Amino acid sequence: MTELRDFSIGYRENRLLERVNASLDSGCLTALIGRNGSGKSTLLRALAGINTRYTGDIIIGGRNLRKMRPQELARTVAFVNTERTRISNLRCEDVVALGRAPYTNWIGHLQDVDRDIVARSLEAVGMSAFARRSMDTMSDGECQRIMIARALAQDTPVMLLDEPTSFLDLPNRYELVALLARLAREQDKCVVFSTHELDIALRFCDSIALFDNPRLICATPAQLKASGDLERIFHVPDRSY
Amino acid sequence: MRRTPAVFVILAVLAAFLFCLDLTVGAVGIPLRDVLTALTGGDCPPATAKIVLSIRLVKAVVALLAGAALSVSGLQMQTLFRNPLAGPYVLGISSGASLGVALVVLAGVGSSVGVAGAAWIGAGAVLLIIAAVAHRIKDIMVILILGIMFSSGVSAVVQILQYISREEALKTFVIWTMGSLGDVTASNLLVLVPSVAAGLLIAVVTIKPLNLLLFGEEYARTMGLDIRRSRSLIFLSTTLLAGTVTAFCGPIGFIGLAMPHVTRMIFNDSDHRVLIPATMLTGASVLLVCDIISKLFTLPINAITALLGIPVVVWVVLRNKSITT
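Chains as they are written, first to last, in numbering that gives the first Met the number 0: chain Z, 0 to 240; chain P, 0 to 324.
Since the hints were made in silico from the structure, they are not lab data.
Any given hint could be a false lead.
Claimed, not checked - Calculated lysine to any residue pairs in the SDA-like style (CA-CA distance at most 25 Å, straight line):
1. P:LYS294 - P:ALA185
2. Z:LYS66 - P:ARG230
3. P:LYS137 - Z:GLU162
4. P:LYS137 - Z:ASP135
In this text the structure is predicted, and so the values were computed from the model without any measurement.
Between the sequences and the hints, there should be enough to build the whole structure, so can you do that?
So, in structure tokens, the structure goes:
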């Protein structure tokens, strides 16, 4: 379980979140939803341990994120950012194998156990056939899946993704989010991703964290639809005159 | 794992062969047998022994080490800054070292430790500036332009220093700027060999961090990398490698930029477990070739590394069409 305790983030004149208490469950897919600049990425980066400029605490599995050493952090949280990562001359299985970095020795030598996890991670995202291919000849969706396999190989209870659907076409978006939901449930992970696609979030996610700055509304899709918060926050002013 | 071991063996044999070839080439024609006799300490004319041992052998060792050092340093910069056009020369690291050397040499102090120390300080200072800027600005072009501006600025300052300095010191410095493997004395090696060896050793220690940095700093951190520690080690290594070589051989361009690309192409791999040892071998081999050519045609080594390196750089630029983004 991932908890935010008395969590505040943002600059002085622009508090994005103020004294938020929330918890994100394992085995659930959670979508972060909010308007541009509402702090979706900022929260994800705080959860990933990259952004430490917040007050309050992030507790994962009973441990405070701030007190974790880099290696423990890497065994707790995996992150996939918005960058279109493409490393030439590196085969997909080597990319995924780097996800084992928190567990391997000084030079990154893979044990049998690591190789097994790499193979299973590729299989979980349906990319086993691409193991020996290099990323520079692959589509955005395929690269995205490889980066997710890399995060899976990290074998963490929490997986975070920053706008994973943004470079994908519609069928790929649906497929990807369905994949995330399956991974969360099958591997009992806490999977959190930010998105602008309300319909996808409402359809596939177990819970939704809606940014109503400086509050964070956590609810199930059904509760959220009934509450009217979505209309209030995403209200488009009537411009007809 | 594929054909990698075979390629390594071929490269190692090639480097050894070029090293031996380098010993046989020079201004004075010495028969191969006499070269061998001199090397093994056998009976041969003292002049021959002197030429082979204190000139050619030293020069070949310098070429071997300088080639390996500059290439590894280039590889580290390319991965750390995620910039295919990075290298000790392009980023101005060699210029920083030059400025340090200029201050020391033109002031008339010439001890090898002093020159090396000045070069290390100069190279390290430039690295810190680049890192500070690169941290804020992710644009590759900005970093490159900064490096070019820095090099130009340094050469302007050096020109002013030359203008006001004594004739004797000036001559020493101007010759140094042409880049030469031959001005290194056996006693210089006492500083050069351990410094480069230390730099290369640290480079080996940073293999895993470099692999993680392929994804960028953000990913590297989430995969458990202690960024600050790794970056310091990589900087220390590059400063030792590029700084030392620049101190003793002058600014040698293009090797550091071109050889990592050639190596990636040969091995078709970006894994630093392969690339670090491989660039050492390719870098050393190519600088030995450059040295042999420079001796055969009595040309400055800088001109040859440039002529060999430029096509590689052009190829990288053309292939990497998205380089500005």
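Each hint tested on the structure:
no.: 1; hint: P:LYS294 - P:ALA185; result: holds, 19 Å
no.: 2; hint: Z:LYS66 - P:ARG230; result: holds, 22 Å
no.: 3; hint: P:LYS137 - Z:GLU162; result: holds, 20 Å
no.: 4; hint: P:LYS137 - Z:ASP135; result: holds, 21 Å
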